[in-house]
Every structure is written in structure tokens, then in C-alpha cells.
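Novice: Could you put the whole structure together from the sequences, leaning on the hints where they help?
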Amino acid sequence: MHKGTTFEKLKIASFDFTCCEGCQLQLANRESTLTDFLDLLDIRNFREISSEQHNDYDIALIEGSISRPDEVERLQAIRRQAKTLVAFGTCACFGGVNSLKNRFSLNELAVEVYPGMEVETGLVKKISEVVKVDLSIPGCPVNKEEVERIVVSLVTGSQVTLPKYPVCIECKAQINTCLFDLGEICLGPITRAGCNAVCTTGKTPCLGCRGPAEEINMAAFLELVKERGLSENDLREKLAFYNAFEGLYQP
Amino acid sequence: MIYKVISKAEFKRFIDALVRNNSSFGPRQVDSDFRGKALYQFLPVASFDDIALDYTATSSSAKHFFLPFREELSRFIFHDEDWEQQITYDANPIVLIGLRPCDISALNILDDVLLNGHYPSPYYLAKRKNTFVIGMDHLPLPDCFCKSMNHHIVSSGFNLFCSDIGEEYYLSINSSKAFNFLKEFDTRDPLDEENCRLAERRKLISNSFLTEIDVTGLPSILDIEFDSPVWEKWGNKCLNCGTCAMVCPSCYCYSVEESMETNLNGAVRQKKLYSCNLVDFAEVAGGHNFRPKNGDRLKYRYYHQHRGFAENDNQQICVGCNRCGRACLSDINPKNVINDLRMEKESCLTNVLSSPCRR
Ligand code: SF4
Ligand code: SF4
Ligand code: SF4
Ligand code: SF4
Ligand code: SF4
Numbered sequence: 001m002h003k004g005t006t007f008e009k010l011k012i013a014s015f016d017f018t019c020c021e022g023c024q025l026q027l028a029n030r031e032s033t034l035t036d037f038l039d040l041l042d043i044r045n046f047r048e049i050s051s052e053q054h055n056d057y058d059i060a061l062i063e064g065s066i067s068r069p070d071e072v073e074r075l076q077a078i079r080r081q082a083k084t085l086v087a088f089g090t091c092a093c094f095g096g097v098n099s100l101k102n103r104f105s106l107n108e109l110a111v112e113v114y115p116g117m118e119v120e121t122g123l124v125k126k127i128s129e130v131v132k133v134d135l136s137i138p139g140c141p142v143n144k145e146e147v148e149r150i151v152v153s154l155v156t157g158s159q160v161t162l163p164k165y166p167v168c169i170e171c172k173a174q175i176n177t178c179l180f181d182l183g184e185i186c187l188g189p190i191t192r193a194g195c196n197a198v199c200t201t202g203k204t205p206c207l208g209c210r211g212p213a214e215e216i217n218m219a220a221f222l223e224l225v226k227e228r229g230l231s232e233n234d235l236r237e238k239l240a241f242y243n244a245f246e247g248l249y250q251p
Numbered sequence: 001m002i003y004k005v006i007s008k009a010e011f012k013r014f015i016d017a018l019v020r021n022n023s024s025f026g027p028r029q030v031d032s033d034f035r036g037k038a039l040y041q042f043l044p045v046a047s048f049d050d051i052a053l054d055y056t057a058t059s060s061s062a063k064h065f066f067l068p069f070r071e072e073l074s075r076f077i078f079h080d081e082d083w084e085q086q087i088t089y090d091a092n093p094i095v096l097i098g099l100r101p102c103d104i105s106a107l108n109i110l111d112d113v114l115l116n117g118h119y120p121s122p123y124y125l126a127k128r129k130n131t132f133v134i135g136m137d138h139l140p141l142p143d144c145f146c147k148s149m150n151h152h153i154v155s156s157g158f159n160l161f162c163s164d165i166g167e168e169y170y171l172s173i174n175s176s177k178a179f180n181f182l183k184e185f186d187t188r189d190p191l192d193e194e195n196c197r198l199a200e201r202r203k204l205i206s207n208s209f210l211t212e213i214d215v216t217g218l219p220s221i222l223d224i225e226f227d228s229p230v231w232e233k234w235g236n237k238c239l240n241c242g243t244c245a246m247v248c249p250s251c252y253c254y255s256v257e258e259s260m261e262t263n264l265n266g267a268v269r270q271k272k273l274y275s276c277n278l279v280d281f282a283e284v285a286g287g288h289n290f291r292p293k294n295g296d297r298l299k300y301r302y303y304h305q306h307r308g309f310a311e312n313d314n315q316q317i318c319v320g321c322n323r324c325g326r327a328c329l330s331d332i333n334p335k336n337v338i339n340d341l342r343m344e345k346e347s348c349l350t351n352v353l354s355s356p357c358r359r
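In order, the protein sequences belong to chains H and L. If you're matching positions, the first sequence starts at 1 in this note's numbering and goes up one per residue. If you're matching positions, the second sequence starts at 1 in this note's numbering and goes up one per residue.
No lab work stands behind these hints: they were computed from the structure. Any given hint could turn out to be false.
[Stated by the list, open to error] DMTMM-like, lysine to aspartate or glutamate: derived pairs with alpha carbons at most 25 Å apart:
#	chain 1	residue 1	chain 2	residue 2
1	H	Lys144	L	Asp33
2	H	Lys226	L	Asp31
3	L	Lys237	H	Asp234
4	H	Lys144	L	Glu258
5	H	Lys203	L	Glu261
6	H	Lys203	L	Asp33
7	L	Lys37	H	Glu184
8	H	Lys144	L	Glu261
9	H	Lys226	L	Asp331
Note that the coordinates shown come from a computational prediction; the quantities given were computed from them, not determined experimentally.
Specialist: Written as C-alpha cells, this is what we have:
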């Protein structure tokens, strides 16, 4: 291969915290390019792919949110090693579904979920609340195609970008019926594109797993939901679902 | 142009044969909205019965048959000491049935911009040449304003145009291909009485418009109102979602992306339809954004649509289909925005004329 330069594999490690491990699983998805993809990586530490564990990685993918004191320590140790720390997936970027926990009292939850057991549990935090994040790849789960594109950019040293515009663009490109026309609330107009509008194409409203698009117009969005006489409860449930719009509206 | 008349029964046989033998697309109902109104899109059709001939308008235009939302422009292959670029303009022939006059006018505008300018697009040309366009007239929807834009009648840009004159269709045949297809079907020259019925049909259509937008002098009003508060008012409502440009038959903006393949042995250059309403449309290297405000971006969309750019001799490119208005979740539509601009201009005239009030 001659491209005027040679490329080095990324020394990468992947760690899971409070999550379902669905984003890590995506790394093994998309079989057509899987071997090419793995060829770009020198996997130093990744429980789901290999039992070998080394601690000389440059890039750390962090999956999941932080909800226990021991997780904080583990994460801080990873931060000390990693040159680039990536918040990988919605839980890591925004807290994710786990954040629903923060609406209840911790004691009540512990008793309900782990009756009769002693558990140490805290409020759910996104990764950036605990350590500095260098790169965020949102999505519940992450979109493997996008991950591949970003990995190729990292290997070749080109700029890593996410779409700045909202999901509606990708939804319209598939000639979908707008879910607002069907009387539903969809977070597409305020959510960052890049998932190829998979939910709305399947006629399910966007719940904003990829977080806010750049410079969203939240006021106009709240207004249009109101003007259409759609349920305020439904709206608030959707906005809170992944905790991705925290601070952008009055809950 | 050659004019013929065909009975509706024979028309059905003609379209059915055409559709069965070619990759064809026509209006189909995809959903009913929450009020029960039918929603249509141009989709693949395999027989005459698949086509919703009595459809109103499709939510998205037919633009993407010519300008796909995503299109590969070229492919690069790296080997040893060298690389090569592969470009293909292939387009499979298709039949597109049921376009409205405004839709065909929009294609003519795209032809102006993409074929008749300094840099004709071979990608567009391949698709345009390989698409057999059949137009159908219809009674306007309450919010159609193509008559105001003078696009409710179209006389070129199609292969065949069908006007509904009761028991028959009045056919305007605009290509030898269409003429040859029709040879095998029973058509005849229009009688005087049928010419009259065509004139009546056109008059009925013309008189049925409920929405009119006064576009006289609009380009100069747009110039005068460049700093108007109207832009801020509507800009404050705009979600920067780009929906308006995606569904619009005449918006043609795109972004170009180049990406390496995962095996690092090649790369692709892709084009994606874009919109001047998107937040980074006017962002340049280094991060500077020439249009940081919603209102500025919205203004440019109206500028291009209703004042025109030099690339097609400053012609308006809006054909008045109001797809953008129907699709905009924030209820931003050409009628309201343009009326506001007009009022703004008139009120500034009144302000100049009336004497200051005393208190
Ligand atoms: S369904 Fe959602 S994403 Fe699609 S156009 Fe409507 S609001 Fe946008
Ligand atoms: S449509 Fe919305 S919720 Fe679904 S994957 Fe995309 S961003 Fe996430
Ligand atoms: S005008 Fe409407 S459709 Fe267009 S970008 Fe703004 S909100 Fe979206
Ligand atoms: S109105 Fe905007 S998106 Fe449409 S063609 Fe013009 S500049 Fe492009
Ligand atoms: S600007 Fe709106 S009304 Fe004009 S052609 Fe485009 S979609 Fe139709």
C-alpha cells in the first residue's frame, strides 16, 4: 500500500461501566468490513473480544455511565493512561437510560432492586462529569458505520466530525412520513443526525439518543409541540429518556 | 408538440403496458395523517392499479430521481505507487408518472442551473435523459400557489402531458419516444370540441386557486428588506432542520464528503443534498460561520427561491408547490413570509407619508 505515508494501528482499549454493553457489541457488528476494521486496531484490552489485557493503550473507549465510587477510581486510572479518552455511546455521553434512576431516592431503589442486600450505589453521572472527555461518539447503540468512519479518521490523522444538523434531514432523505403528521412527538428536529434516522424510518419517534444537534432551537420546538396540542407529559418523558437534553429545557 | 386524445380505458392499457415493461414510479398513498388526510409519495409501481391517479400532491418532490439525496461522485483506488479515479454517470432508464406542472417546471429550472450553466452536471444529465416524464394536470390544493409563480401550466420538460377532459385524456406529446410508445394504442386527433374542453379545463384549474401571493416586484422588495425584522421573526421559529429544502423540487444544494474505505485501499467522494437552513451551511475552514443566525439562514433560502442567483439569470426558482410550507413543523411558509415582507414595506411607506402624531 502506497499512500504517500504509512499508517499505524490504534492502540486501543475498551472498558464498560454502568451499561448494557450494547455499544461494545456494535464493534463486532457489520461483518462485511469487520476484518478490515479490526486490522486498524491493536487491541490492548477489550473483554468482549480478547482475554489478553495490557495497559499500554493510547485510546480508551469508555462505555456506560458512572454510578458507583469504585467506577470513579477505575475511570480515573484509565484517564491517566489514555491519550484520547472517548465517551462511547449514549450512556457515556449523557448518562443514558440509566439516568432515570436519578429521579428516585437511592435508598428506595436499592431496596426495590436488591432486596436484603447491601449495595453501594450513587447518582448516575455521564463520563464528562468525572473526567475530561476528548471525543464523544453518541448513540444507543453507537452506529458502527460512524464508528468505522471515525476510526479511519483517527488512523489517517484526518478531522473527526459528527453531523451538526438534526435527524430530520436523514428522515426526509428516506421519504418518511413525518411522525408529527401522525400526531406523535418526535425529537428528530433537535437531535443530532448520524443514525440515518433508523427509528423514524421504522415509524418510531426519535427519543434523542444522539443528543442535541448543534445550536438547536429548543424554544421553537417546545412551542410547536404546544401549538399542536400534543401531550406535555409525553414531551417531557421523551426529553428525559436519555438525559441528553439536560439543561436545555425546564424539566 | 403533437396533440392526441385517448379514452380513459385505452389510457389505462397504455400506462399498464408501460409500467409493466419499465422500472416505473408514480404517486402512491403511504399514510393518512391524524386528520385522516391521505399522504402520498412517488414510489415504485408495477401496474396501473398501483398508481393513485387521483392523488393530491406528494409530500416530497420528485427531485431525488434526478438529484439523489446521496450520490457517489467518484471512487479512488490506491495501488502500489499510484492511484486511479473511477467515475460513472450511469442511470437506469425509468418512467416517472403523474408529475404536476409545477414539478415539471422545477425540472426545467434545474435544467437551467445544472445543464445550461458553465459547468453542466453529467450526473444530472444522465438521469434527466433517462427519465420518461409523464405529467398529469390537477385541480390545485387550497395552499398551492404555482399560479402566482406562473407555473400552473407547463409546455416543455416532459415526454407526455395528460389533461383530464372528462371521458378522455388530452395528450400533449413532446418526444418521439412518447409518440412511438403511443403508436400501438388507440389515439386520435383532437376534435374542435375537445380543444374547447381542454381550454375549459385549463380555465377551471386557473380559477380554482385559493392562495395567491403577490410576487410583483418581489426581487426588489427582497433587496430593500434585506435588514427587515421579518427575518428575525420567522428565523426565531426556524428549527434549522432543512426539511423545507429536502422536500422542495427546486432546491439543489449539496455537500461533498470524501472518505477512506475501511481497508485504506480506496476512497469515495459522495454528494449529499444539503440546505442553506442548516447551521453549518455557510461555515468555512477554520470554523467561521458567515450566517450564524437563524434569520440570516432563512433569509438566504427566501433570497434564492424568490429573488434568484446569477447562475440562472436571477430567475426565481420557487414554483409555488408549497411543499416546504406543508412540511415545516414551525409553520413557516412562503405565503406568510412574503406577505409579512410586503406589509413591512408598505408600513415603512406609510410611516414616511403620515405626519407624526402629537401627544
Ligand atoms: S419524523 Fe421526526 S425526524 Fe422525521 S421529519 Fe418528522 S420530526 Fe423530523
Ligand atoms: S432516530 Fe433518534 S433515537 Fe433513534 S437512533 Fe437516531 S437519534 Fe437515536
Ligand atoms: S423553515 Fe421550517 S422546514 Fe425549513 S429549516 Fe426552518 S423549521 Fe425546518
Ligand atoms: S434555497 Fe437554499 S438550499 Fe435551496 S437551492 Fe437555494 S441555497 Fe440551496
Ligand atoms: S420553495 Fe417551497 S413552494 Fe417553492 S418550490 Fe420549493 S417547496 Fe415549493
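Novice: Run every hint past the structure and note whether it holds.
Specialist: Here is how each hint holds up against the structure:
Under the criterion of a C-alpha separation no larger than 25 Å, the hint pairing Lys144(H) with Asp33(L) is inconsistent with the structure, at around 34 Å. Annotation: proposed proximity of Lys226(H) to Asp31(L) holds, straight-line Cα distance about 24 Å (limit 25 Å). Pair hint Lys237(L) plus Asp234(H) holds up; C-alpha atoms about 22 Å apart against a cutoff of 25 Å. Our distance criterion of 25 Å between C-alpha atoms is met by Lys144(H) and Glu258(L), whose separation comes to about 18 Å.
Between the alpha carbons of Lys203(H) and Glu261(L) the distance comes to roughly 31 Å, so the proposed pair goes past 25 Å and is violated. In summary, the hint linking Lys203(H) to Asp33(L) is supported, as the alpha carbons are separated by about 13 Å, within the 25 Å threshold. Using a Cα cut-off of 25 Å, the hinted pair Lys37(L) and Glu184(H) holds, with the two alpha carbons roughly 16 Å apart. Distance check on the hinted pair: Lys144(H) and Glu261(L) sit about 14 Å apart at the alpha-carbon level, within 25 Å; holds.
A distance of roughly 13 Å separates the Cα atoms of Lys226(H) and Asp331(L); the hinted pair therefore holds under the 25 Å criterion.
Checked against the numbered hints given earlier, the structure breaks hints 1, 5 and satisfies all the rest.
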